[in-house]
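J.: For the sequence shown, the working numbering assigns the number 3 to the initial residue and increments by one for each residue that follows.
Everything labelled a hint here was simulated from the structure, so no lab data went into it.
Computed Cβ-Cβ distance ranges for the label pairs, DEER-style:
#, residue 1, residue 2, range
1, Tyr4, Ile41, 12 to 20 angstroms
2, Gln45, Glu18, 27 to 35 angstroms
3, Ile33, Met3, 14 to 22 angstroms
4, Phe44, Glu13, 15 to 23 angstroms
5, Gln45, Pro5, 17 to 25 angstroms
6, Asn16, Ser40, 16 to 24 angstroms
7, Pro42, Ala14, 17 to 25 angstroms
8, Met3, Lys25, 15 to 23 angstroms
9, Asn37, Pro5, 13 to 21 angstroms
10, Leu15, Asn39, 14 to 22 angstroms
As the structure is a prediction and not an experimental result, all values here were calculated from the model.
All C-beta atoms, glycine included, are put in the ideal place defined by N, C-alpha and C.
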Amino acid sequence: MYPAKIYYEPEALNYESGRMLRKKYSNVEWIEIENHNSIPEFQ
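Could you build the full structure based on these sequences and the hints that come with them?
T.: What follows is the structure in structure tokens.
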């Protein structure tokens, strides 16, 4: 499975796992959100 886009909270990049994912999926569209409850497709 490979994501078409990734929603993320900026604080996630303060963690090693968040930075690893950002690097791994650098060619995917990253969309900054305030929190996971504000993802339009899931409301």
